[in-house]
Each structure stands twice: as C-alpha cells, then as structure tokens.
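Given the sequences, and given the hints that come with them, work out the whole structure.
Heads up: the sequence shown is residues 1457 to 1663, going by the numbering used here.
Check before you lean on any hint, since a few could be wrong.
Stated by the list, open to error - Per label pair, the in silico range of CB-to-CB distance:
id	residue 1	residue 2	range
1	G1514	Y1476	19 to 27 Å
2	F1466	K1487	37 to 45 Å
3	K1520	C1477	23 to 31 Å
4	D1509	E1591	25 to 33 Å
Claimed, not checked - The list that follows gives simulated cross-link-like pairs (lysine-lysine, DSS-like), each with its CA atoms no further than 25 Å apart:
id	residue 1	residue 2
5	K1487	K1501
6	K1600	K1563
7	K1487	K1600
Just so you know, these hints were derived from the structure itself, not from any lab. For glycine and all other residues, C-beta sits at the position ideal for the given N, C-alpha and C.
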Amino acid sequence: MLQIMSRTDFYNWNRILLRYCDGASFAGNSKYEDGTKSLYFRGQKIWQAMISDLLPQGLAHAEKALLSGDSAGGLAVFLHCDNFSRSLPGNATVKCISDAGLFLDIKDVGYNETIRSLYHDVVSLQGVEQNLNQECTSSQSDPKQCFFPQYLLSYIKTPLFILNSAYDTWQTVAEAVGDWYFERNVTKLIECPYPCSASCYHSVPAA
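Pasting the structure below:
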C-alpha cells in the first residue's frame, strides 16, 4: 500500500482546508445596516488571518505550495493566487488550481446578463472592489468586471491550472494536476465556444 501511495503526487503533503463562509470568495470587507441589524462581510480579513496564522506554523518555510479551491472557492483562487505566492518564500514553487471557478461574464440562454448583474451586486454589497487586482480594475470601464476570472486572468502572474467541466477527458484529474505542477507534461483541452459542441443538445433561442 505504501508503495502505491508513494507513487501518487501530493500523497505526503500537508493539507489545509479553509471552509467557505463569506459569500464573496474571501474578498469582501464591508458592513451592511438596514436600521435594525448589521451584517458583516469580512472575507478578506478571514483570508489574511488564515495566512497570518499559517506562516509561523511552517508555511513561511514551504518549498512547494499549491492553492486550490472549487466553485466559489475556485473563484477565490483567481482572486488570491498572486497574494498567496507573495506570502511565501521567494524560492518556493507556488502554483494555483481553480476547479469549477471559471464563472463567465456571458449572457444566459435567454440572452440576459444575469450573472453580471448578480456579481456586480455581490461586489457592491460586500465591498469587494477595494480588494480586486488594481491592474485589472484600472483597465476596465467598470472595475467590478475584475471579479470575473476572464478579465482578471491576464494579470495573474503565478502559474494557474484551470479545471472546468469537459476538461481532461483522457486522464484523471489527479494525473493532470500532477503532470502540470511537476512540469512533466502540458495539459490543455479547449472546446469551441458554446453552443457549437455536438455534445450540447439543448436548443438555444434565437437572438
């Protein structure tokens, strides 16, 4: 059993799970009041407290590190990847992986900008804009757009692996991530823009 495990990437790494609870991918920092009660959105402070707590416990001496998350946590990876890298020693190998966190600013099947409206509301309510990548926000007419990975991605300097549905059909996710992190192989599979794939069988209303 030990021989099998030793041939598996990351089998003996320390793993840290930060439970997701803030609603804005660990990037918000605001207080909302409606006259009767207050709501505190402190995702950014939770992120900073987590890093500050882990550094003296050994993270400050890490030689290799991988930041990962899925869904809203995957979005947090886009937002904090470079910040995570800057927190570690300069000679450390630091990379990030976002699993199902590539939320796209595109119209839905009814040609409505539903997710754009939703995400802009999240950014405004939770005070996320102040913590978004400044290079990205300065390049956008609306800085809130930088909450979407597609606008932020070109400003992320740390190596980043993006895993979304329909990717890596020819190998397991563990193999793909291991090959990428340890630079054994290039993993890349991109389909054509929706809905051109033959696997998309739902009808799309005409514009």
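Going through the hints against the structure:
1. Judged by the Cβ atoms, the range 19 to 27 Å given for G1514 and Y1476 holds: they are separated by roughly 23 Å.
2. For F1466 and K1487, the Cβ-Cβ distance of about 39 Å falls inside the hinted range of 37 to 45 Å, so the restraint holds.
3. Distance hint check: the CB atoms of K1520 and C1477 are about 28 Å apart, consistent with the given range 23 to 31 Å.
4. At roughly 28 Å, the beta carbons of D1509 and E1591 sit within the given window of 25 to 33 Å.
5. As the CA atoms of K1487 and K1501 are separated by approximately 13 Å, the hinted pair is consistent with the 25 Å bound.
6. For the hint linking K1600 to K1563, the alpha-carbon distance of about 17 Å falls within 25 Å, and the restraint holds.
7. Restraint check for K1487 and K1600: the C-alpha separation of about 18 Å stays at or below 25 Å, so the hint holds.
When each numbered hint is compared with the structure, no violation occurs for any of them.
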